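S.K.: Position chain B against the provided structure of chain A, taking the given hints into account.
Given next are the chains, with one letter for each unit.
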Amino acid sequence: METGKQVSQGVHAGVSMVVPVSLSARSRILLWILPLSFLIIAFFHPLSRILALTFEPQALTTEHIQLAAHVLLFTFYQAILSTLLTLILGLPAAYLFARYNFHGKSLLRALTAVPFMLPTVVVAAGFSALLGPRGLIHTIFPLSTFQFIGTLSAILLAHVFYNTTIIIRVVGNALSSLDPKLEAAARSLGADSPRVWWHVTLPLLRPALLASTLLVFLFDFTSFGVILLLGGSQFATLEVEIYLRVLRLPDLPLAALLSVIQLVCTILFSILYSRVATRSTIQTNPRSAQSNLRQPKTIREKIALACFIFLLTSFFLLPLSALPFRSFFRVEADRGDRGEVQYGFTTDYYSELFINRRGSIFYVPPIRATVNSLAYAGGTVLFSLLLGFPAAFALARPTRLERILDPLIMLPLGSSAVMLGLGFILSYGAWLTSPLLVPFAHTLVALPFVIRTLQPAIASIPQRLRQAAASLGASPLEVWKNIDLPILRRATLAAGTFAFTISLGEFGATLLISRPEYPTIPVAIERFLSQPGGLNYGQAMAMATILMSLTVASILLIERVRIPGSGEF
Amino acid sequence: MLEIQHIFKGYDGKPILQDVSFLVEVGETVCLLGASGSGKSTLLRIIAGLEDADSGSISFDGRDLSSTPAHLRDFGLVFQDYALFPHLNVSENVAFGLKMRRLPQNEVAERVANSLEMVNLRGFENRQVTDLSGGEQQRVALARVLATRPRLLMFDEPLGALDRTLREDLLNELRSILHQTNIPAIYVTHDQEEAFAMADRILILHGGEIVREGAPADVWANPESAFVARFLGLGNVFEGEVREKLDKKWGVESAFGGFDIACEHEHRKGDHVHLLVRPHSVGKGSNIVQGIVSDVIFQQDRFKLTLDNGLYFYLPSPPKVGERIQVSVKVECLL
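So the protein sequences, as listed, match chains A and B. With the first letter of the first sequence counted as 1, position 7 gets the number 342 in the working numbering; the numbers rise by one all the way through. With the first letter of the second sequence counted as 1, position 234 gets the number 1346 in the working numbering; the numbers rise by one all the way through.
Check each hint, because a few of them may be wrong.
Chain B is nowhere near these chain A residues, computed Cβ spacing over 12 Å in every case [unchecked claim]: (1) Ala387; (2) Phe390; (3) Phe409; (4) Leu524; (5) Val531; (6) Leu537; (7) Pro585; (8) Pro631; (9) Tyr678; (10) Ser884.
Not the full set, but computed from the structure, chain A residues with beta-carbon under 8 Å of chain B [what the hints assert, rightly or not]: (11) Asp514; (12) Ala521; (13) Ala639; (14) Ala641.
Heads up, simulated DSS-like pairs for lysine-lysine below, C-alpha to C-alpha not over 27 Å straight-line [to be verified]: (15) B/Lys1381 x B/Lys1442; (16) B/Lys1357 x B/Lys1396; (17) B/Lys1416 x B/Lys1432; (18) B/Lys1442 x B/Lys1357; (19) B/Lys1442 x B/Lys1432; (20) B/Lys1126 x A/Lys637; (21) A/Lys440 x B/Lys1126; (22) B/Lys1381 x B/Lys1416; (23) B/Lys1126 x A/Lys632.
Note that these hints are calculated values from the structure, not bench results. Small disclaimer: the values here were computed from a predicted structure and weren't measured. Just so it is clear, CB atoms sit at the ideal spot from N, CA and C, and this is done for glycine as well.
Bound-form chain A, shown alone (with noise of 0.2 Å):
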């Protein structure tokens, strides 16, 4: 490991050159020698062939502009409507976590933010586990004939699954911390309870709003793996067509100008949601939660909140908890059996993942795409933070470089994971073979979380405690040890968790990317549920539920060492 060597002395110039207030300009770009040449390397060299590729003239015809307008258009109308959805179901929830105070409101808080931090591909697993055709609710009404999978209210559904925590944080945190004297004040100065609300609360929120709407839109825009899995290819997006183009009928002009496309429109929404996200701190006095909440009076008023609190839990906990459950659950014909389905417990589809069968769709059993994940988000870990914490270093101290150099930096959050996968194709096509491009792809999309992971720890470390410890007869070292490293490893911790849980999801590159005898856990779920069988689709479901059982793990991790406040974008 040449590499990890240098990093590592880079690193250590890092750390024995933190103490003093500021860098050097020559530790500065000692620092940044590393991240830079990998993000030229992984993003911008790609980036270039790509932009390269969009502008020959077998890219720019018009009946590949026909197109992309068409695929467009569709994009923007799935995610606006998305959007609108989440809003619908998000707003009443943010309020009622903002507003009122009710049994096992911290469970079902939490609950909503788990399908945030899912892998795509085990959302669509549990949609389909429970609202597909092999699903719990055909296999216990199996008449109905309602199809679910393949339509546009699958694609929907599953964004609101996503998305709607986002608003019930923004709004719903925006909504508590507002100073519930503003609404008396109001009140008392002749404002009845609508015009208290158009008035003054919904002028306070409007940042919040408009930046957690924005966030929501982004994010649906992009989404891949739902699109790909609960829709099909006829419902295409800007992602799905660049995969349909780079894998399925091969047109790589076509995918590279949708990609730019793909690319300006990200940029330019990223730009929109930094303006007002930075707008919506004009809060003057936030006011502790407590005094905001309030118990349900009236028998109306009680009603109405079992009722949408009951929505809600059933609304987050179906698709989760109906994944687990069919992994175990068998609705089959016995092997070679055209007779009766038969019904029961079954523990088939988990030790069918360890045989491999000929006429198989792998060329292993299946359970080394499980290996291979580990192994790819063990490097994605290593990569991440020895790129990542001379980086942090860095911009934890900005001076005009790093002003400059971080947008730079976060550059490939703004990029889709399946451009990330074309770009890498176009420039290191050669070297598919080679088992470092995955975990390669999977560090530039986990080093902008891991940065912002690792940068505000070491920002927060002030100076003053430093120079306590050292006034109080602490040696340097002691200082170290004593001070800046107990922090920095909770954020370490954090950040490696981070970069673990995003390798061992990551769809979109990892889809392209991957040879077909190194799956990783998302692409065998994706291979799995493409092929027809019952016995393919069991094991769908338990592959999908040993990656939602590593990523639950991951997540409980990360919020057992995160520090509050940091980690954020």
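M.R.: Leaving out everything else, chain B in the frame of chain A:
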């Protein structure tokens, strides 16, 4: 005017207000004085209609207000931390109540200008409220309620967040504004100086009950209870036991010696009474206390001396620490 009758209020079974009744007359300023947690802010919120009492009634000019929501009561409320709308500028804040009353444009403009004039904030119309100092923000809040010409003004610790000199300035302005407008007012504070400066009448609230009510001078002269005397910091408060009746006076024994006390109340032998010895009363009475001087502090125009038994007095000239002294004082009876 405002009539509060038998208000009870509790949270989760814990009583906050217990049988509170009082009147506010035309043009009168009533101060609710009490420590934090005495229920005074809750009482204000109930009068404003922002909270419901468990029982009791509130009426204004003889009309019951229990079914009148806050926004129709026409009572102006000024908060301790101003509660200015951060998304509106100064004049929009002041105009808020007028817009809610759907007044015509020109009248809104005129009243906004008048109110800002009254609180000395002319020229601040287009400033952002978040850019103002604490004192300026409180003036805007005051202008905001004055503009609506409320039937009653209510202040919830309006000067609590301001520093001392600013407090005195604003206090004087408030007094003159209340005097000019003749609007009846309820002023809630925990600061007795503020209360005595503002009030035509003082109500002392303790544990959700009114424990003393009266004009400031009257309350000062006759605290009537050990709690009020201690709360107002009137002087040395201690217990004594009635021993005998002497002519028109009572003989009382205490830890600080025996005293003859003039008291209108009827006592029996063995009754426990609270006594008050004001620190200014040295030389003004016939009772004698003695002790060894343990501390002397210079306080501008006087010296505060503390005796080894805990009593304190104000004297024009200082004795030496360690000296044994004897002073004649007035001892008052507090029931």
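S.K.: Decide, hint by hint, whether the structure agrees.
M.R.: Hints, one by one, checked against the model:
no. : hint                  : verdict
1   : Ala387                : holds, 48 Å
2   : Phe390                : holds, 46 Å
3   : Phe409                : holds, 37 Å
4   : Leu524                : violated, 4 Å
5   : Val531                : violated, 8 Å
6   : Leu537                : violated, 10 Å
7   : Pro585                : holds, 54 Å
8   : Pro631                : holds, 15 Å
9   : Tyr678                : holds, 51 Å
10  : Ser884                : holds, 42 Å
11  : Asp514                : holds, 7 Å
12  : Ala521                : holds, 7 Å
13  : Ala639                : violated, 21 Å
14  : Ala641                : violated, 22 Å
15  : B/Lys1381 x B/Lys1442 : holds, 22 Å
16  : B/Lys1357 x B/Lys1396 : holds, 22 Å
17  : B/Lys1416 x B/Lys1432 : holds, 12 Å
18  : B/Lys1442 x B/Lys1357 : holds, 18 Å
19  : B/Lys1442 x B/Lys1432 : holds, 23 Å
20  : B/Lys1126 x A/Lys637  : holds, 24 Å
21  : A/Lys440 x B/Lys1126  : holds, 25 Å
22  : B/Lys1381 x B/Lys1416 : violated, 35 Å
23  : B/Lys1126 x A/Lys632  : holds, 19 Å
In this structure, the hints that do not hold are numbers 4, 5, 6, 13, 14 and 22, in rising order.
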